[in-house]
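K.L.:
Protein sequence lines correspond, in order, to chains A and B. For the working numbering, add 187 to where a residue sits in the first sequence, where the first one is 1. For the working numbering, add 187 to where a residue sits in the second sequence, where the first one is 1.
Honestly, the hints are just simulated from the structure, not real lab data. Among the hints, a few may not be true.
Copies of one chain are not kept apart here, so a pair can be met inside one copy or by any two copies together.
Derived pair list, reagent style DSS-like, types lysine-lysine, alpha-carbon separation capped at 30 Å [claimed, not checked]:
(1) K241 <-> K287
(2) K444 <-> K272
(3) K287 <-> K272
(4) K319 <-> K241
(5) K437 <-> K241
(6) K241 <-> K368
(7) K368 <-> K353
(8) K272 <-> K437
(9) K272 <-> K368
(10) K381 <-> K296
Number of protein chains: 2
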Amino acid sequence: MFENSNKIPMEKLSADGRARRHALLMGGAVLAAAAVVDFMPETIQAATIAQAEKPIEFLFAIYPNGTLLDFAGPNEILSRLPNTKVRFASPDGGLVTLEKGVTFGPTEKLSDIERVDVICVPGALDLSAMMKPEILAHIRRLSESARYVTSVCTGSIILAAAGVLKGKRSACHWAFLNVLKKYGAIPDPARIVKDGRFMSGGGVTAGIDFGVAIAAELRGVQAAQEVQLLVQYDPQPPFHAGNPSDAPPKVRDAVYKMLPGSENGLMQPIL
Amino acid sequence: MFENSNKIPMEKLSADGRARRHALLMGGAVLAAAAVVDFMPETIQAATIAQAEKPIEFLFAIYPNGTLLDFAGPNEILSRLPNTKVRFASPDGGLVTLEKGVTFGPTEKLSDIERVDVICVPGALDLSAMMKPEILAHIRRLSESARYVTSVCTGSIILAAAGVLKGKRSACHWAFLNVLKKYGAIPDPARIVKDGRFMSGGGVTAGIDFGVAIAAELRGVQAAQEVQLLVQYDPQPPFHAGNPSDAPPKVRDAVYKMLPGSENGLMQPIL
Chain A
188 MFENSNKIPM EKLSADGRAR RHALLMGGAV LAAAAVVDFM PETIQAATIA
238 QAEKPIEFLF AIYPNGTLLD FAGPNEILSR LPNTKVRFAS PDGGLVTLEK
288 GVTFGPTEKL SDIERVDVIC VPGALDLSAM MKPEILAHIR RLSESARYVT
338 SVCTGSIILA AAGVLKGKRS ACHWAFLNVL KKYGAIPDPA RIVKDGRFMS
388 GGGVTAGIDF GVAIAAELRG VQAAQEVQLL VQYDPQPPFH AGNPSDAPPK
438 VRDAVYKMLP GSENGLMQPI L
Chain B
188 MFENSNKIPM EKLSADGRAR RHALLMGGAV LAAAAVVDFM PETIQAATIA
238 QAEKPIEFLF AIYPNGTLLD FAGPNEILSR LPNTKVRFAS PDGGLVTLEK
288 GVTFGPTEKL SDIERVDVIC VPGALDLSAM MKPEILAHIR RLSESARYVT
338 SVCTGSIILA AAGVLKGKRS ACHWAFLNVL KKYGAIPDPA RIVKDGRFMS
388 GGGVTAGIDF GVAIAAELRG VQAAQEVQLL VQYDPQPPFH AGNPSDAPPK
438 VRDAVYKMLP GSENGLMQPI L
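Let's have the full structure, built from the sequences with the hints guiding it.
P.N.:
The following block contains the structure:
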């Protein structure tokens, strides 16, 4: 529904809508946004206009010891998507200390979030901060009312533990993929998995691919591709080693030994 | 020099070295690290041992209004590399408010950093926090003594403005690439560029490719590939739109209009 190509004159977009579009696309740099106004195209996709008064609310549910890139990847896409508001929440709100001791924020308190259009749970090795019954209950509550329920990496294990992935196909980091079965979800080794209103990405870096895919779902292919070009997402890994099936055997075997159980997709996260 | 394949028995690695290796690879999850000890391979690359008492210090020089993914991408690689210490510094130290209002930290104060092995300057649209003479002087000072001087995205414009890229080839975000000429650097449209001890990545997401490449340079191909597998870096973008040459013409033209000057690689950052 967001992919129609009707054009309407630029004047019909409110000044507020214009400023927001610039801010979103240009990284919130107000000075540059002002400079850009003179160069804006005279037409703009009707889809953006139609949604001008009702931004999509996209929530990352993050937590202590989480992996930064799991959400920093898709955030870089979603936060540049027109008329899309990215929010962050965590069990306690405020600043969150992630894996490796880096701090990220600010976040709202998960229990304070009433409803969002998209919930996205990123992953980590240590999922323990999310595995408490009262936190899982909030994940379940927000998942029930969201248009899309999504995850990156082992975030799908949190969704599954919350009971929202029963009988649903889901991606996960390759080393942990089959842990999903324990909660009644169906492991899918694809990098991006869509099963109805459930979308998920594989391990860590798959969050960027997932981000582009859900951007297209939410705002149309053209808008997603514009953001892809803005962040120059034309990946060229110097090696083929990103999956056990591609990696040289001695690399794969070394990582299997580092991550016990991973050979069978049964590495255990910290719960 | 880090790529030889000599093996030495595991016992020769100190307990501290083992713990550090586990912590680095496993995301600092001490509980899991303890579980992994039993599964560690009996041999380990000699390169890691040789460096056990002297970690490589890798510094990200970040700043207000910077783009999160520019450093979050390579950080996810470097922070998992054996015996490599990632540090963050900023003009004022402490927590830094990035583009889109997200906060990241902690950071050291740039003027307090004496020397590092690798300096990496990530990019942004708004480079103004780094363009002050006293800040550029610290970038120049640290670049002179570093083994590698590196950047992601428009971070190369900061390095160039600091005077350290004269006559050197460098990558940059495609929209800003030719701005490098103003400072005597040689624009190179490749995604990863190496010119002697200078290495750089293109726009935003290129930081991950750059991260894998410099990981191989610092710790050998095997170690870089192990980390690539850990973060499942097997990118599969749903569209081909990550470069002006690949993007559908209407996507490319829309972004050219959003980013004035970008058609000729002459989009002006905020300085």
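K.L.:
Can you list which hints this structure breaks, lowest number first?
P.N.:
4, 6, 9
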